[in-house]
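Protein chains: 2
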Amino acid sequence: MDDTRNTAEDRRDDEIVETAARAAHVAAEIAEEHPADIAAALDEEEPEVASAVLASLPREKQIEILDLPDFDLSGDLIEALPDDEAIRLLSELSADRAADLFRWMEEPARSHLFSRLPPATQAELNRLLSWPEHTAGSLMTTEFVSVPSSWTIGDTLRHIRAIERTRETIYAIYVLDPATHKLLQAVTLRRLIIGEPQQPILSAAPAHDPITVDPLMDREDVARLISKYDLLAVPVIDANEQVLGIVTVDDMIDAIIEEGTEDAQKFGGMEALDEPYMEIGFLAMLKKRAGWLSILFLGEMLTASAMQHFEDELERAIVLTLFIPLIMSSGGNSGSQATSLIIRALALHEIKLGDWWRVALRELPSGFVLGAILGTLGMTRITIWQLAGFHDYGEHWVLVAATVGSALVAIVTFGSLIGSMLPFVLRRAGFDPASASAPFVATFIDVTGLVIYFSVALAILHGTLL
Amino acid sequence: MDDTRNTAEDRRDDEIVETAARAAHVAAEIAEEHPADIAAALDEEEPEVASAVLASLPREKQIEILDLPDFDLSGDLIEALPDDEAIRLLSELSADRAADLFRWMEEPARSHLFSRLPPATQAELNRLLSWPEHTAGSLMTTEFVSVPSSWTIGDTLRHIRAIERTRETIYAIYVLDPATHKLLQAVTLRRLIIGEPQQPILSAAPAHDPITVDPLMDREDVARLISKYDLLAVPVIDANEQVLGIVTVDDMIDAIIEEGTEDAQKFGGMEALDEPYMEIGFLAMLKKRAGWLSILFLGEMLTASAMQHFEDELERAIVLTLFIPLIMSSGGNSGSQATSLIIRALALHEIKLGDWWRVALRELPSGFVLGAILGTLGMTRITIWQLAGFHDYGEHWVLVAATVGSALVAIVTFGSLIGSMLPFVLRRAGFDPASASAPFVATFIDVTGLVIYFSVALAILHGTLL
Numbered sequence: 001m002d003d004t005r006n007t008a009e010d011r012r013d014d015e016i017v018e019t020a021a022r023a024a025h026v027a028a029e030i031a032e033e034h035p036a037d038i039a040a041a042l043d044e045e046e047p048e049v050a051s052a053v054l055a056s057l058p059r060e061k062q063i064e065i066l067d068l069p070d071f072d073l074s075g076d077l078i079e080a081l082p083d084d085e086a087i088r089l090l091s092e093l094s095a096d097r098a099a100d101l102f103r104w105m106e107e108p109a110r111s112h113l114f115s116r117l118p119p120a121t122q123a124e125l126n127r128l129l130s131w132p133e134h135t136a137g138s139l140m141t142t143e144f145v146s147v148p149s150s151w152t153i154g155d156t157l158r159h160i161r162a163i164e165r166t167r168e169t170i171y172a173i174y175v176l177d178p179a180t181h182k183l184l185q186a187v188t189l190r191r192l193i194i195g196e197p198q199q200p201i202l203s204a205a206p207a208h209d210p211i212t213v214d215p216l217m218d219r220e221d222v223a224r225l226i227s228k229y230d231l232l233a234v235p236v237i238d239a240n241e242q243v244l245g246i247v248t249v250d251d252m253i254d255a256i257i258e259e260g261t262e263d264a265q266k267f268g269g270m271e272a273l274d275e276p277y278m279e280i281g282f283l284a285m286l287k288k289r290a291g292w293l294s295i296l297f298l299g300e301m302l303t304a305s306a307m308q309h310f311e312d313e314l315e316r317a318i319v320l321t322l323f324i325p326l327i328m329s330s331g332g333n334s335g336s337q338a339t340s341l342i343i344r345a346l347a348l349h350e351i352k353l354g355d356w357w358r359v360a361l362r363e364l365p366s367g368f369v370l371g372a373i374l375g376t377l378g379m380t381r382i383t384i385w386q387l388a389g390f391h392d393y394g395e396h397w398v399l400v401a402a403t404v405g406s407a408l409v410a411i412v413t414f415g416s417l418i419g420s421m422l423p424f425v426l427r428r429a430g431f432d433p434a435s436a437s438a439p440f441v442a443t444f445i446d447v448t449g450l451v452i453y454f455s456v457a458l459a460i461l462h463g464t465l466l
Numbered sequence: 001m002d003d004t005r006n007t008a009e010d011r012r013d014d015e016i017v018e019t020a021a022r023a024a025h026v027a028a029e030i031a032e033e034h035p036a037d038i039a040a041a042l043d044e045e046e047p048e049v050a051s052a053v054l055a056s057l058p059r060e061k062q063i064e065i066l067d068l069p070d071f072d073l074s075g076d077l078i079e080a081l082p083d084d085e086a087i088r089l090l091s092e093l094s095a096d097r098a099a100d101l102f103r104w105m106e107e108p109a110r111s112h113l114f115s116r117l118p119p120a121t122q123a124e125l126n127r128l129l130s131w132p133e134h135t136a137g138s139l140m141t142t143e144f145v146s147v148p149s150s151w152t153i154g155d156t157l158r159h160i161r162a163i164e165r166t167r168e169t170i171y172a173i174y175v176l177d178p179a180t181h182k183l184l185q186a187v188t189l190r191r192l193i194i195g196e197p198q199q200p201i202l203s204a205a206p207a208h209d210p211i212t213v214d215p216l217m218d219r220e221d222v223a224r225l226i227s228k229y230d231l232l233a234v235p236v237i238d239a240n241e242q243v244l245g246i247v248t249v250d251d252m253i254d255a256i257i258e259e260g261t262e263d264a265q266k267f268g269g270m271e272a273l274d275e276p277y278m279e280i281g282f283l284a285m286l287k288k289r290a291g292w293l294s295i296l297f298l299g300e301m302l303t304a305s306a307m308q309h310f311e312d313e314l315e316r317a318i319v320l321t322l323f324i325p326l327i328m329s330s331g332g333n334s335g336s337q338a339t340s341l342i343i344r345a346l347a348l349h350e351i352k353l354g355d356w357w358r359v360a361l362r363e364l365p366s367g368f369v370l371g372a373i374l375g376t377l378g379m380t381r382i383t384i385w386q387l388a389g390f391h392d393y394g395e396h397w398v399l400v401a402a403t404v405g406s407a408l409v410a411i412v413t414f415g416s417l418i419g420s421m422l423p424f425v426l427r428r429a430g431f432d433p434a435s436a437s438a439p440f441v442a443t444f445i446d447v448t449g450l451v452i453y454f455s456v457a458l459a460i461l462h463g464t465l466l
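First to last, the sequence lines map onto chains A and B.
Each step along the first sequence adds one to the number in the UniProt record's numbering, with nothing skipped, and position 212 is 212.
Each step along the second sequence adds one to the number in the UniProt record's numbering, with nothing skipped, and position 368 is 368.
None of these hints come from the bench; they were simulated from the model.
Incorrect hints may have been included.
Identical copies look the same in the list; a pair holds intra-copy or inter-copy alike.
DSBU-like, lysine-lysine: derived pairs with alpha carbons at most 35 Å apart [what the hints assert, rightly or not]:
1. K61 - K287
2. K287 - K182
3. K352 - K182
4. K288 - K61
5. K352 - K288
6. K352 - K61
Model, not experiment: these values are computed from the prediction.
Could you put together the complete structure from these sequences and hints?
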């Protein structure tokens, strides 16, 4: 008994020694690197090693690393630390990053750590955590530079030098009314640097009003604004024109890339994963994919109903079935082209909700011409196969070719029109137009496409094959 | 004769007076706005009015407006100006913007204006224009701040004050070796501001080496680097470590958004438009859409060939045709889910080319489970319809249900696998993985899906229906 206990203890001791040695080795290798590179290196290590390396780094560097929005280990590392150490780090992190960490932290660690923070920090974090995800409010940080309009450029520069370390950016300075604290102007550090120190701060302000955003503005709109005005940060103000915080350009880039991923995954016909492909759990991924796949499947079942409805015609003219996949997919393809065009144009505000009829007037002739091109290809194929003897489409092959050609014109026109209108309908109904995925559009058009195909066939082949 | 000439002249005079009046009105209204808003307002006006308004604005504002990367009128406005005026503006624009304008300008205006620029500007523009599109070289500007490492912080700040107006950004300062002009460090204005003026400039430098990019690096990779290291600008250096220029974060945001649009349009199954939906010409848009649509159509023709191959079976078991659209679309949907996941994960470098087998090992079981879910749904539907008397699938309906269920498992597994491998194959073959559009994947899987369906049917229904 004693022996085994000793062995187990020895093994634990060995492990501790090994972790410490590995940590010292890693720390020596990466200490001089860029914080983002240190974070990437820590991501590769075991959590115990990573946490030991982090502890061995200078305090300032610890904060810099934990502050990186892409550093996924931050939460785990902080939870692994002794309480005092964790509280100290959380208080020194930028407010938006600390709020993010609490957003993802699990109970009971979350409540436990939160309750031990200074009351002022708790209040600040609660304010940040109250904004819905993906809004300016949820992205903003409260660590910005603001000065009263009564100050000079020199006063402001002195103030910036004193508080630089505690602010996320010092490149934009917000000038407030000394009495009401309303936002008067946004001044760039660039203008301050070239200004005369004894001049009032407002002399460095631009002629136009400051660009501001509402805390509930969607991150896509904030990104567009920052891009349009080439800003490094944009202030978030409330109804009383008080500055609640600022959204910085680097947080915005991360948000745009994340938004792009979400849109791409939705357009591919699934829920956004919210996690890297290789890191998300097997079951979590299945859940995100199975939902939409089943809904699409149930929708597509209508094609079976449509086919059942035309079963008599199918039996009489089996030749018609040969072209069902070809015709259905052409409708779906033209529809998903149109949908992807319009989703993107809506997202970039190239077109507005009210432009739907302008789009419809463009898509109708586009769809018609595209359908005519595919229809011609289809009829040519049937003619060549028939005349060259590759396949016999029966005595009425000319009528069959005419059916396929006409159906393609009708379905591609219909597909382009439906595909382009769907994002408008979704936006109008309050949904994200990006939910109109390619598979969704294709499913929608498949069912109607079948009906169109058989209706055209009935019209053209009535009295001959049907 | 005299009378009509007078009338025509009068009318022209009237028009000129009208344009001038409208221009004065617009100028008065927008002069105090942000340059980006003035640009937006000018975009709404007739070119003559816009050009008159621009001419009436202060020189500095003219440059600010023409410098905006989104201001599409810049080229037209400059071409409309007298030569001297155009040359003067082009020389004062930021180098990257001037290069962009020349890239888009049409002959003969292009050569004519270019030849009249000062030789130094010509040489600089030629260097910028020589880099391929979408590379760091084509995005960079040459207007950055660089100082020799022998200077102090105070020297550098004085230098910045003197040259601020001619630089795109002053927030990153590049410190060069005085002798070789090699890049030694990148210092932020933030560190300078809080430093002691008499200290050497390198005392404000970070411990890590500067982050740099190669002029041929793709804009997506530059964006990822800027985002990873939270930079406001990144220097572009050649093989001799000389700084060629810098790429700034605001140019990068525009590039990321453009890249997102291109990817979305490609995934929708078409060539990237490169122009806003409402602005691109009808024929130009048709060309971008018809190409892929026709290629997909030709590919989908193979479904007709596959069906012809199984025509005997179809005639004997018409009930099988009822489920063709359902089964085909399920394969396509699961495939486009997998493709969109992998394209994005590759673009974000979450997975590497060498990870293909890891992905395959994940997609095989995922596909199997998803297929089992859809297969169960399909068999349930057939059973309910049969037992409730909605439709009669014949005496062998149990076998038909088994065929549909098994085919779904096989096709969804196959679709997920093919869909996830396709981006790897494309990347390996040197293509953009984003060219694997949803319609492309669906078409590919449709053909194989039909073959799988009929093979499963032959195996299960042999001796009964077939």
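Right, here's what the structure says about each hint:
1. K61 - K287: neither (39 Å within a copy, 54 Å between copies)
2. K287 - K182: The answer is neither: 48 Å in one copy and 53 Å across copies each exceed 35 Å.
3. K352 - K182: This pair counts as within: shortest intra-copy Cα distance 33 Å, inter-copy 50 Å.
4. K288 - K61: neither (38 Å within a copy, 51 Å between copies)
5. K352 - K288: Close inside one copy (30 Å) and across copies (23 Å); limit 35 Å.
6. K352 - K61: between (47 Å within a copy, 30 Å between copies)
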